[in-house]
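Q: Produce the complete structure using the sequences and hints provided.
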Amino acid sequence: MLKYNMKMAWLSIRRRPVLNLLMVMAIGIGIGIFTAAITMVYQGSQTDLPHKSDRLFLVQLDSRNLASEPVDNFNKMIDMTYIDTVNVSQIDYPKSQITFGWLTDQLVNVENKNVMPYRGFSFVTNRAFFSIMDIPFLYGSAWSQEQEISGAPVVVITKARNDLLFNGENSVGKQIRLDDKAVTIVGVIDEWHVRYRFYDRTFMKGLSDDAYLPYRYALDANLSRNARFECWDNTSMRYQSSGTEELLASECGWITVWSLLDSKDDLAEFRNVLDDYVDGQRASGRFPREGGHLLTSLDEVMAYVHNKNVDYQFYFIIGSMFMAACIFSAVGIMLANFMSKTREVCIRRALGAKRKVLIGQYISEVAVVGFIGGVLGIFISFGSLHLMKLKMFHSVGFYADIADLDLLFKLDAVMVGTGIFIAIISSILVSITPILRVCQVKVSRNLTME
Amino acid sequence: MEHLIEIKKIRKVFKTGTVATNALRDVDLTINKGEFVSIKGPSGSGKSTLLNIIGLLEDYESGSYKLDGVEASSLNDDQASELRNEKIGFIFQNFNLIAELSLYDNIEVPLIYRGMTSQERKQRVEESLRLVGLWGRKEHRPDQLSGGQRQRVAIARALAGKPSLILADEPTGNLDSEMAASVMDLLYQINEMGNTIVMVTHDDELASKTQRQIQVTDGVVKQCDTETELLKEQEASYA
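Those protein sequence lines, which keep their order, are chains R and X. Residues 1 to 450 (our numbering) are what the first sequence spells out, left to right. Residues 451 to 689 (our numbering) are what the second sequence spells out, left to right.
What the hints contain is simulated information worked out from the structure, not anything from laboratory work. Backbone N, C-alpha and C define an ideal beta-carbon position, used for all residues, glycine too. There could be a bad hint or two in this list.
Below, in silico cross-link-like pairs of lysine to aspartate or glutamate (DMTMM-like), each with a Cα-Cα straight-line distance of 20 Å or less [claimed, not checked]:
1) Lys612/X x Asp635/X
2) Lys354/R x Asp555/X
3) Lys354/R x Glu508/X
4) Lys442/R x Glu508/X
5) Lys76/R x Asp299/R
6) Lys354/R x Asp509/X
7) Lys356/R x Asp528/X
8) Lys7/R x Glu589/X
9) Lys3/R x Asp555/X
10) Lys458/X x Asp668/X
11) Lys3/R x Glu550/X
12) Lys354/R x Glu589/X
13) Lys659/X x Glu642/X
14) Lys516/X x Asp555/X
15) Lys612/X x Glu642/X
16) Lys537/X x Asp509/X
17) Lys7/R x Glu570/X
18) Lys356/R x Glu485/X
19) Lys52/R x Asp262/R
20) Lys264/R x Asp54/R
21) Lys442/R x Asp528/X
22) Lys442/R x Glu532/X
23) Lys7/R x Glu536/X
24) Lys354/R x Glu485/X
25) Lys537/X x Glu577/X
To list a few chain X residues with every Cβ distance to chain R over 12 Å, as calculated [to be verified]:
26) Glu456
27) Glu532
28) Ile548
29) Ser552
30) Glu558
31) Gly598
32) Ala631
33) Ser632
34) Asp654
35) Glu655
36) Thr667
37) Val670
Covered by chain X, per the in silico footprint, the following chain R stretches (three or more residues, Cβ under 8 Å) [said to hold, decoys possible]:
38) 4-18
39) 205-213
A: In structure tokens, the structure reads:
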């Protein structure tokens with residue numbers, strides 16, 4: 001019966017092309033805008049590294065003085081000092097891997113005269129960053145442990161920058177200049193993007209790194225920092241744009257620290273480890289406040305960020321209203337379509353069709369119309385999302401890489417399926433009253449009419 | 451003779467607002483298997499209502515109607531549809547073919563609802579279309595045929611399900627005399643094959659060629675076995 005229903009649906013669509021085209025367009029436009037809106041909401045509410053986001057923790061230690069304001073969530077908490085960052089990363093707790101970092105920016109230059117120097121962003125970090133963040137390599141690898149400790153002038157660059165600077169060729173072993181300092185490329189990472197730049201707590205969309213530098217080198221070379229910087233010893237503020245041994249020993253926080261636990265069940269144990277560390281520091285005169293540390297999983301961090309994101313709620317409301325208007329107009333089209341089938345319904349009833357069989361047949365027909373409308377809607381949605389991506393790309397400025405925005409506007413299989421499913425269901429819902437109505441008509445009166 | 455249709459004391463009333471019109475009054479009618487019966491009467495006399503009741507397309511206020519031994523009033527909508535599909539074939543004055551379907555697909559419709567396999571359907575459709583001489587045009591649509599050919603398709607559709615009863619409502623009403631004669635020849639041929647046919651017609655000549663003529667006047671049925679009796683009834687009804 002399904003095969004027959006599909007055949008009848010196709011013939012009916014061909015028979016009434018204008019009405020069905022109007023219906024397909026109404027559904028397509030409604031679904032297109034709605035799917036674009038829910039895609040932005042859906043993708044914007046996804047958390048990167050979902051397979052480990054419940055055991056990747058933002059680590060924050062509160063060594064501030066007693067006069068500082070109380071803090072109850074990660075967003076108001078300070079970043080880590082260099083002292084605590086080094087100490088925590090050296091704690092002997094094998095169930096945790098520690099990475100940390102901060103943003104810098106320099107003028108990037110290469111020997112190739114065809115490439116103009118440009119200001120690029122580098123993330124200063126340790127070598128564990130690449131494995132913890134699941135970053136794939138196209139050429140080479142992360143710097144070695146020895147290079148990290150010795151502060152070797154090495155760099156890992158992104159595929160996009162490798163394409164720009166070296167036409168995509170393997171650039172491992174070549175040099176680039178960051179301001180006036182030459183660094184040697186040891187690795188080129190493959191495509192790697194996150195929806196929000198969570199790892200340095202900026203949560204920016206579309207801000208990509210150009211390069212990754214080992215932290216010891218960045219400090220030795222006194223590279224400028226482009227990160228939030230807070231000191232609770234006012235005299236230390238002079239270190240904000242320079243790096244000296246005094247800075248490293250100061251109570252100024254600018255480093256974002258993450259711990260990847262082997263299992264989320266290790267959290268309580270890791271808290272105890274940090275408690276012990278804070279108690280030890282307290283004994284030497286630091287950490288005058290109660291508490292002392294804050295551990296926030298990536299899931300919790302992103303949940304907080306998503307709740308603050310009102311743009312997407314607005315898009316969702318607009319998309320829903322637009323779809324409601326389109327579906328409402330489709331009711332009239334469907335009513336006209338099915339009222340024109342009155343005679344056919346009566347013929348089929350006279351020939352022995354049960355009412356429920358006919359209802360099933362016509363529901364199949366509108367499901368086909370809904371499917372076609374849904375497919376059209378997906379194309380409209382795809383175009384709408386591309387336009388929204390371009391808008392955001394231009395609004396975030398010159399430093400954006402459009403590929404970094406792909407994840408936020410990606411129409412994936414889940415969204416395509418959802419869009420088509422909603423198109424079919426809404427087509428059936430708007431048609432059910434006309435279908436029931438036409439299947440209730442008095443057969444004998446309509447068949448004897450001339 | 452075995453009865454196919456047994457109608458006793460059937461009453462049918464149409465209500466429009468507060469106005470009630472008696473369409474059929476205590477109708478008694480029996481039709482045997484294999485008969486070719488014509489129903490005559492002036493417009494509004496109730497003959498089409500009677501045909502609709504026989505075709506299970508209309509319910510009635512009181513009385514009893516048995517089709518091949520099954521009491522119609524005991525059937526729900528689905529059961530009535532099943533019985534109609536199995537026992538009755540319809541031929542309408544305006545053909546009532548489905549415009550977007552080919553001849554093949556039109557004839558297949560009642561067979562689909564009977565749940566026949568594709569192979570069975572093909573065999574039945576071919577038999578029926580060959581009988582009316584239109585197998586070669588099975589992929590054509592109704593609007594590509596003449597009126598007479600369309601009525602032949604309607605007859606083929608009525609026959610395809612091998613029903614016990616064929617109900618024909620003015621089957622030649624929209625045809626010229628030559629086409630009408632051709633269609634009637636086909637109906638006689640079908641009747642000779644053993645099918646029971648009940649035909650509503652205005653045409654005295656066509657009615658005279660059926661085995662039995664029934665006159666309906668103001669919702670009352672008079673069964674006339676001879677043409678003389680029928681003429682008397684007709685005169686009375688128009689007086």
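Q: Confirm or reject each hint.
A: Checked hints:
With a C-alpha separation of about 19 Å, the suggested pair lysine 612/X and aspartate 635/X falls inside the 20 Å cut-off, and the hint holds. Restraint check for lysine 354/R and aspartate 555/X: satisfied, since their Cα atoms lie roughly 18 Å apart, inside the 20 Å limit. The hinted pair formed by lysine 354/R and glutamate 508/X meets the criterion: a straight-line CA distance of about 15 Å does not exceed 20 Å. With a C-alpha separation of about 9 Å, the suggested pair lysine 442/R and glutamate 508/X falls inside the 20 Å cut-off, and the hint holds.
Among the hinted pairs, lysine 76/R with aspartate 299/R is consistent with the structure: their alpha-carbon atoms are about 17 Å apart, no more than 20 Å. Simply put, lysine 354/R and aspartate 509/X have alpha-carbon atoms about 16 Å apart, close enough for the 20 Å limit, and the pair holds. For the given pair, lysine 356/R sits about 8 Å from aspartate 528/X by alpha-carbon distance, which is consistent with the 20 Å threshold. Restraint check for lysine 7/R and glutamate 589/X: satisfied, since their Cα atoms lie roughly 15 Å apart, inside the 20 Å limit.
About 13 Å separates the Cα atoms of lysine 3/R and aspartate 555/X, which keeps this hinted pair within 20 Å; it holds. Our distance criterion of 20 Å between C-alpha atoms is met by lysine 458/X and aspartate 668/X, whose separation comes to about 17 Å. The suggested pairing of lysine 3/R with glutamate 550/X holds, with an alpha-carbon distance near 17 Å, which does not exceed 20 Å. For the hint linking lysine 354/R to glutamate 589/X, the alpha-carbon distance of about 27 Å lies beyond 20 Å, and the restraint is violated.
With a C-alpha separation of about 13 Å, the suggested pair lysine 659/X and glutamate 642/X falls inside the 20 Å cut-off, and the hint holds. Pair hint lysine 516/X plus aspartate 555/X does not hold up; C-alpha atoms about 32 Å apart against a cutoff of 20 Å. Distance hint between lysine 612/X and glutamate 642/X is fulfilled; the C-alpha atoms sit about 14 Å from each other, no more than 20 Å. The suggested pairing of lysine 537/X with aspartate 509/X holds, with an alpha-carbon distance near 17 Å, which does not exceed 20 Å.
Taking the CA atoms of lysine 7/R and glutamate 570/X, the gap is about 19 Å. The hint holds against a cut of 20 Å. Among the hinted pairs, lysine 356/R with glutamate 485/X is inconsistent with the structure: their alpha-carbon atoms are about 34 Å apart, more than 20 Å. For the suggested pair lysine 52/R and aspartate 262/R, the alpha carbons sit about 9 Å apart, so the restraint of at most 20 Å is met. Between lysine 264/R and aspartate 54/R the alpha-carbon distance is near 7 Å, which keeps this suggested pair within the 20 Å criterion.
For a cut-off of 20 Å, the pair hint linking lysine 442/R to aspartate 528/X stands: about 15 Å separates their Cα positions. Note on lysine 442/R and glutamate 532/X: the hinted pairing holds, with a Cα-Cα distance of about 18 Å set against a maximum of 20 Å. Using a Cα cut-off of 20 Å, the hinted pair lysine 7/R and glutamate 536/X is violated, with the two alpha carbons roughly 24 Å apart. Between the alpha carbons of lysine 354/R and glutamate 485/X the distance comes to roughly 29 Å, so the proposed pair goes past 20 Å and is violated.
Restraint check: the Cα-Cα separation between lysine 537/X and glutamate 577/X comes to about 18 Å, which is no more than 20 Å; the hinted pair holds. For glutamate 456/X, the condition that its CB be more than 12 Å from all CB atoms of chain R holds, with the nearest at approximately 21 Å. Non-interface status of glutamate 532/X relative to chain R is broken: a Cβ of that chain comes within 12 Å, the nearest being about 7 Å off. For isoleucine 548/X, the requirement that its beta carbon stay farther than 12 Å from each beta carbon of chain R is not met, with the minimum near 5 Å.
A Cβ of chain R approaches the Cβ of serine 552/X within 12 Å, the least distance being about 9 Å, so the stated non-interface status is violated. A beta-carbon of chain R comes within 12 Å of the beta-carbon of glutamate 558/X; the shortest separation is about 9 Å. Against the 12 Å criterion, glycine 598/X stays outside the reach of chain R, whose nearest CB is about 18 Å from its own CB. Separation of alanine 631/X from chain R is adequate, the least Cβ-Cβ distance of about 22 Å exceeding the 12 Å criterion.
For serine 632/X, the non-interface assignment is confirmed: its Cβ lies about 22 Å from the closest Cβ of chain R, beyond the 12 Å cut-off. The Cβ of aspartate 654/X sits about 21 Å from the closest Cβ of chain R, beyond the 12 Å cut-off, so the non-interface label holds. The beta carbon of glutamate 655/X is kept farther than 12 Å from every beta carbon of chain R, the shortest such distance being approximately 22 Å. Remark: the non-interface label on threonine 667/X is consistent with the geometry, its nearest Cβ contact in chain R lying 19 Å away (cut-off 12 Å).
The Cβ of valine 670/X lies farther than 12 Å from every Cβ of chain R, with a closest approach of about 20 Å, so its non-interface assignment holds. Under the rule that three or more residues need a Cβ within less than 8 Å of chain X, the assignment of the stretch 4-18 of chain R holds, with 5 such residues. With a threshold of 8 Å between beta carbons, the proposed coverage of the stretch 205-213 of chain R by chain X is violated, since 0 of its residues qualify and at least three are required.
The structure fails to meet hints 12, 14, 18, 23, 24, 27, 28, 29, 30, 39 from the earlier list, while all remaining hints are met.
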